[in-house]
Amino acid sequence: MDLVIKDLKVKYGNVEALHGINLRVEPREIVTILGANGAGKSTTLMAISGLVPACEGEILFNGMALHKMKPHQVVKTGVAQVPEGRRVFGTLTVAENLHLGAFTTRDAAKEIKTRDWIYELFPVLKERREQLAGTLSGGEQQMLAIGRALMADPKLLLLDEPSLGLAPLIIKRIFDTVRQINEAGVTVVLVEQNARAALKLAHRGYVLEVGNIVLEDQASTLLSNEDVQNAYLGGH
Amino acid sequence: MEEFFQQLTNGLAVGGIYALIALGYTMVYGVLKLINFAHGDLFTLGAYLGFTLLTSFGLSDRVGPLLGVLILALMVMGLVALVGMILERSAYKPLRQSPRLSAVVSALGASIFIQNSIMLVYGPNIQVYPHNIMPDTVIHLFGMPVPLMRILILVASVVLMVALYLFIQKTRTGTAIRAAAIDQGAAALMGINVDRVIMLVFLLGPALGGSAGLMVGLYYGQVNFTMGWVYGLKAFTAAILGGIGNIPGAMLGGLLLGLVEALGAAYISIAWKDAIAFGVLIFILIVRPTGLLGERVADKI
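First to last, the protein sequences are chains U and D.
Using my numbering, you'd call the opening residue of the first sequence number 1 and step up by one each time.
Using my numbering, you'd call the opening residue of the second sequence number 1 and step up by one each time.
Okay, chain U solo, but in the shape it has when bound:
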């Protein structure tokens, strides 16, 4: 159940966004990718999901070559993504959004079981299940986006900036839930600008700088690393 990225290069037109990164995620780990805007964090997740093509290198999940797959095929291997900006289907109801998350699982009984678990994780989604997703608050939309991704019953969950634009209390609530999801056996890759919260949650972390991985270590070690503190934790 491991994810291995080898010498991955991604280009947008003529601009190379990732200059050959190497990354490894072990089963049941939470790994965070830190970095400034434009460092290539989201690009890494999009490449894993197949939304942008890898122009060189490999992305292997359980030995399956994700870099050769289309996005919908990647989902079937057990990789789900919560995209940046949540991107819930605003004109569909909460229940319809969750149902779409289970698009690849054709097992109705399992779908109901997973849905009930998600309603347990986020009771507000159950209350609002008949409401249009576009009318939810930002925090609720983030919960829906996470719930929707979990509906695919993923082994690996990719989270892109889940804290973006949310109040601190909601962020804490969401991060607590991510820990719960991980404890339930789901491997997590977390891309975050909120580096402190991410490092407290994660087991290990990578630091991306303009398309290169410049640092890789245990999360606790990164938290006390002086360079990381200065660059991403606002110094002391």
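The set of hints was computed from the structure by calculation and includes no laboratory data.
Hints may contain errors.
List time: in silico BS3-like cross-link candidates among lysine-lysine, alpha-carbon distance up to 27 Å [unchecked claim]: (1) K70(U) / K33(D); (2) K11(U) / K33(D); (3) K110(U) / K33(D).
Assemble the complex: chain U is given as a structure, and chain D must be docked to it using the hints.
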């Protein structure tokens, strides 16, 4: 009263035809944000294929007029759907990553190509549908005479629209189409094959447009190779009237436009028919720029 009733049923029949064509515009726009300018010509193709199949097989002689026309309609829909799929593959898919304008120009080119192909095959003259396929039966509704053909067209278009609506709302594939229309990237992340959704939209829309072409042929008895332009424009108007990208909107817009046109032609002046139709469009766009049913909810930012 009888005059009104006649115009009402006529307007609804023509409106049903507009609605069927409008669905093709609105579905393609919903998923690709592209106006398929060749759609009106696929409608013409349906009318001409209907003409060919009618005159060459003599289906209605063998299985009776109703069943004959039903089989004919299914054949026309299947063939036009196939052409729609080929159109997408050859004219739009290669331009998926190009600027929007390239696809629009390609659509215009495809329109001219299909229209001229029809002209080269069938000639530039009006083609007359055989008269004897459908008996000129007149039935009495509420004590008033109505041509059976008109009722059949209205019923057929309503059946097709209801079937499409149920498909889009209730089935797994229909939900995938709705999701891809809202956000293609997010839909792909759900495991939806967006290319397949686009292909499906280019099967369904042209099938409905082709059936509308056949209906016009049967209703008015004659077809010509430029008819797709006027009907396409009217149906496009209907799609915008209802809110482009919105499926129930296209149905409502089509029926409404047909009614307004028929009643306007009867009670104001037939010369003003088109002016009234487009006048309604301008009025609706001023009052409700998103169309009648456009934008169910404003997305929160």
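Each hint tested on the structure:
1. K70(U) / K33(D): Given that 27 Å is the threshold and the Cα spacing comes to 22 Å, the pair holds.
2. K11(U) / K33(D): holds, 26 Å
3. K110(U) / K33(D): violated, 35 Å
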